[in-house]
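> Turn these sequences into a full structure, and let the hints steer you where they fit.
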Amino acid sequence: MATDLVPGVAPDTPKTQPRVPRVTRKSPARRLALLLRHRWLYLMLLPGVVYFLVFKYWPMYGLHIAFKDYIPFLGYSGSPWVGLKHFEELFTGGDFSRLMTNTLILALLTIVFVFPAPIVVALLLNELRVNIVKRSVQSLIYIPHFLSWTIVASLTYLLFSADFGVLAGYINDIFGGQRTDYVAQEEWFRPLIILQLLWKQTGWGTIIYLAALASVDTQLYEAARVDGAGRWRQLWHITLPAIRPAIVVMAILTSGNIMDTGFEQIWLMTSSLNRSVAEVFDTYVYYVGISQGAFSYGTAVGLFKGVVGVFLIVGSNWLAKRLGQRGLY
Amino acid sequence: MAVMKATTGRRKSSVRHYDSVSSRVFDVVNVLILLSLAAITLLPLLYVLAGSFASEGEIDSRPFFLWPENFVTNAYDYMFAGDTFIRALLTTIIVTLVGTVIQVALTLTMAYPLSKRHLPGRVFVINLVLFTLVFSGGMIPTYLVVRELGLLDSYWALILPLAINPFYLLIVKAFFQEMPEALEEAARIDGCNEIGVFWRIVLPLSKPVIATFSLFYAVAIWNDYMSPLLYINDEEKWTLQVLVRQITAPNADTANMLGTQSDAFFPEQGLKFAVIVLATVPILLVYPFLQKHFAKGVLIGSVKE
Numbered sequence: 001m002a003t004d005l006v007p008g009v010a011p012d013t014p015k016t017q018p019r020v021p022r023v024t025r026k027s028p029a030r031r032l033a034l035l036l037r038h039r040w041l042y043l044m045l046l047p048g049v050v051y052f053l054v055f056k057y058w059p060m061y062g063l064h065i066a067f068k069d070y071i072p073f074l075g076y077s078g079s080p081w082v083g084l085k086h087f088e089e090l091f092t093g094g095d096f097s098r099l100m101t102n103t104l105i106l107a108l109l110t111i112v113f114v115f116p117a118p119i120v121v122a123l124l125l126n127e128l129r130v131n132i133v134k135r136s137v138q139s140l141i142y143i144p145h146f147l148s149w150t151i152v153a154s155l156t157y158l159l160f161s162a163d164f165g166v167l168a169g170y171i172n173d174i175f176g177g178q179r180t181d182y183v184a185q186e187e188w189f190r191p192l193i194i195l196q197l198l199w200k201q202t203g204w205g206t207i208i209y210l211a212a213l214a215s216v217d218t219q220l221y222e223a224a225r226v227d228g229a230g231r232w233r234q235l236w237h238i239t240l241p242a243i244r245p246a247i248v249v250m251a252i253l254t255s256g257n258i259m260d261t262g263f264e265q266i267w268l269m270t271s272s273l274n275r276s277v278a279e280v281f282d283t284y285v286y287y288v289g290i291s292q293g294a295f296s297y298g299t300a301v302g303l304f305k306g307v308v309g310v311f312l313i314v315g316s317n318w319l320a321k322r323l324g325q326r327g328l329y
Numbered sequence: 001m002a003v004m005k006a007t008t009g010r011r012k013s014s015v016r017h018y019d020s021v022s023s024r025v026f027d028v029v030n031v032l033i034l035l036s037l038a039a040i041t042l043l044p045l046l047y048v049l050a051g052s053f054a055s056e057g058e059i060d061s062r063p064f065f066l067w068p069e070n071f072v073t074n075a076y077d078y079m080f081a082g083d084t085f086i087r088a089l090l091t092t093i094i095v096t097l098v099g100t101v102i103q104v105a106l107t108l109t110m111a112y113p114l115s116k117r118h119l120p121g122r123v124f125v126i127n128l129v130l131f132t133l134v135f136s137g138g139m140i141p142t143y144l145v146v147r148e149l150g151l152l153d154s155y156w157a158l159i160l161p162l163a164i165n166p167f168y169l170l171i172v173k174a175f176f177q178e179m180p181e182a183l184e185e186a187a188r189i190d191g192c193n194e195i196g197v198f199w200r201i202v203l204p205l206s207k208p209v210i211a212t213f214s215l216f217y218a219v220a221i222w223n224d225y226m227s228p229l230l231y232i233n234d235e236e237k238w239t240l241q242v243l244v245r246q247i248t249a250p251n252a253d254t255a256n257m258l259g260t261q262s263d264a265f266f267p268e269q270g271l272k273f274a275v276i277v278l279a280t281v282p283i284l285l286v287y288p289f290l291q292k293h294f295a296k297g298v299l300i301g302s303v304k305e
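If you're matching them up, the sequences are chains A and B in order.
The opening residue of the first sequence carries number 1 in UniProt numbering; numbering runs sequentially from there.
The opening residue of the second sequence carries number 1 in UniProt numbering; numbering runs sequentially from there.
Derived from the structure by calculation, the hints contain no laboratory data.
None of these values were measured; they are calculated from a predicted model.
The beta carbon of each residue, even a glycine, is placed where N, CA and C say it ideally should be.
Heads up, some of the hints might be wrong.
So the derived label-pair ranges between C-beta atoms look like this [what the hints assert, rightly or not]: (1) A/P245 x B/V28: 28 to 38 Å; (2) B/V28 x A/L104: 34 to 44 Å; (3) A/V54 x B/E236: 19 to 29 Å; (4) B/W67 x A/S136: 45 to 55 Å; (5) B/P180 x A/L104: 43 to 53 Å; (6) B/Q291 x A/D217: 20 to 30 Å; (7) B/E236 x A/A29: 53 to 63 Å; (8) A/R31 x B/E236: 44 to 54 Å; (9) A/S271 x B/E236: 24 to 34 Å; (10) A/V54 x B/W67: 44 to 54 Å; (11) A/A29 x B/Q291: 47 to 57 Å; (12) A/S139 x B/L32: 17 to 27 Å; (13) A/S271 x B/D153: 41 to 51 Å; (14) B/A255 x A/P245: 26 to 36 Å.
Among the chain A residues that face chain B by a calculated CB cut under 10 Å, a handful are [claimed, not checked]: (15) R31; (16) L43; (17) L128; (18) S136; (19) Y170; (20) W318.
Below is the structure:
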């Protein structure tokens, strides 16, 4: 064994030959030697790799049933190939345009309302000069991030339902009219989703910007003040440039995730009354795939969503680099 | 905005702009804005807490309150009288504890070898992990894998498919990489193998990281609704989040769900408040510990290799 551990030189190599095995660096003997030398590290790596293979890569292999009529009884290999049948069904069926519209509208609303919110709040927090207020506000607005979507959905039902919803009552007072069950109204679905996102994620979202702000050299502000710059100018010329990289990264992440509408959130807010505006790709996959048992069709819808997602991530990253920013990778 | 612009206009008058009137007005407005944000965050939770101790009549008649007129514990009494809630609570606690231990153990043991730059094949495995961040098999293929493994209606289905969070794995890996190599080297000279080094040197130095990610994993399992929705059909195996959903959903048939004797007083609305409180309190209890660590964790994660 000791001889195996000499790197690069196979044990039986005659010394007159000028180190041939080193040129073919990965000779089987050397590979074995490396494997043995690091056996403990590889042993530690094994469970994790098995996890990724079983629960991440096996499902990726399973994606091929999107091109089959998967019948559980026949298994993966026994089920017949059907080509693009399920994709044709998706694109020509009546559901596709509705799913796309719903997904895109939610994405657009997210980009317009949810994305800038943490930036604004972080800037406001940054302008706070009373430290105790700053820290207490921070501690409080992070909390909802750790609450489950079931809790958030339940709170929404309590606050906006017709029976005793507090906010339902106030909205009625402002706009007039009788008590309405806002959670059951089609036109209130999207506003409620956006409100939930704002309530749950705004505080948490400030962390990355606050971290960027904390790293700004305070001498810059002093110099700017000496030069006569007011707070607005300092914000424009020092603060905003400092958080620009963070904004770009978050923008890439957001645009890469346009198709990920958050299954739990949408599912919990969907009812038979608002399905026409609520259903998005994720919940549709569950509905047709799990509830109705159309495994292959559901997989095809999921695959379509996944592929679009990859293009969005790669595309937004490319765009960020074209614009002269550091990308994600 | 107008306030800040006004400040700019006055910039010639003095260097210490923070003392100008408009600047002070902005400061006051700013504090008010942020305090109201904090209030918006907190008020729904406080209302639910108050509502859980209020009578049915009070919940129906008063639009909003932070303190119940009559302090009653009907909802909690009812909840704890049946076995459904207690079973869901115990199930969730056990799944969370076992799941967290498994997840943290797997994450740490995988992250450590990946932090060794000299390890052949390391880059391949890292790419294997990174790819799953961009693309995944999706809901149905994963469901089918869980089914083929015979894990449907098993508590393991709530743990194993989420056993390693790739983001956490990469953060822990980055943390291990920053550890001084000299300490490990000393142990190695003393005759420790890699597992010995990991166990005796690396883990004791990683306590804050272990604490942080234990909490993050625990919160994730505790809050998980999608896994039980997908993999658990048996009502006996409901987790707390499923119960929250079942009780608070519109048209919920709560009376028959909780397994409380039918002659007991049935606080239909109060139950909705109480179950939210009961599912939230554990999160709020660990929140101070979470808060101590998470900013750091998030920051390490944003650093590229």
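> Give a verdict on every hint.
Now for the hints, and whether the structure bears them out:
{"no.": "1", "hint": "A/P245 x B/V28: 28 to 38 Å", "in the structure": "32 Å, holds"}
{"no.": "2", "hint": "B/V28 x A/L104: 34 to 44 Å", "in the structure": "41 Å, holds"}
{"no.": "3", "hint": "A/V54 x B/E236: 19 to 29 Å", "in the structure": "27 Å, holds"}
{"no.": "4", "hint": "B/W67 x A/S136: 45 to 55 Å", "in the structure": "22 Å, violated"}
{"no.": "5", "hint": "B/P180 x A/L104: 43 to 53 Å", "in the structure": "50 Å, holds"}
{"no.": "6", "hint": "B/Q291 x A/D217: 20 to 30 Å", "in the structure": "27 Å, holds"}
{"no.": "7", "hint": "B/E236 x A/A29: 53 to 63 Å", "in the structure": "57 Å, holds"}
{"no.": "8", "hint": "A/R31 x B/E236: 44 to 54 Å", "in the structure": "51 Å, holds"}
{"no.": "9", "hint": "A/S271 x B/E236: 24 to 34 Å", "in the structure": "26 Å, holds"}
{"no.": "10", "hint": "A/V54 x B/W67: 44 to 54 Å", "in the structure": "52 Å, holds"}
{"no.": "11", "hint": "A/A29 x B/Q291: 47 to 57 Å", "in the structure": "54 Å, holds"}
{"no.": "12", "hint": "A/S139 x B/L32: 17 to 27 Å", "in the structure": "18 Å, holds"}
{"no.": "13", "hint": "A/S271 x B/D153: 41 to 51 Å", "in the structure": "26 Å, violated"}
{"no.": "14", "hint": "B/A255 x A/P245: 26 to 36 Å", "in the structure": "55 Å, violated"}
{"no.": "15", "hint": "R31", "in the structure": "8 Å, holds"}
{"no.": "16", "hint": "L43", "in the structure": "7 Å, holds"}
{"no.": "17", "hint": "L128", "in the structure": "6 Å, holds"}
{"no.": "18", "hint": "S136", "in the structure": "7 Å, holds"}
{"no.": "19", "hint": "Y170", "in the structure": "8 Å, holds"}
{"no.": "20", "hint": "W318", "in the structure": "14 Å, violated"}
In this structure, the hints that do not hold are numbers 4, 13, 14 and 20, in rising order.
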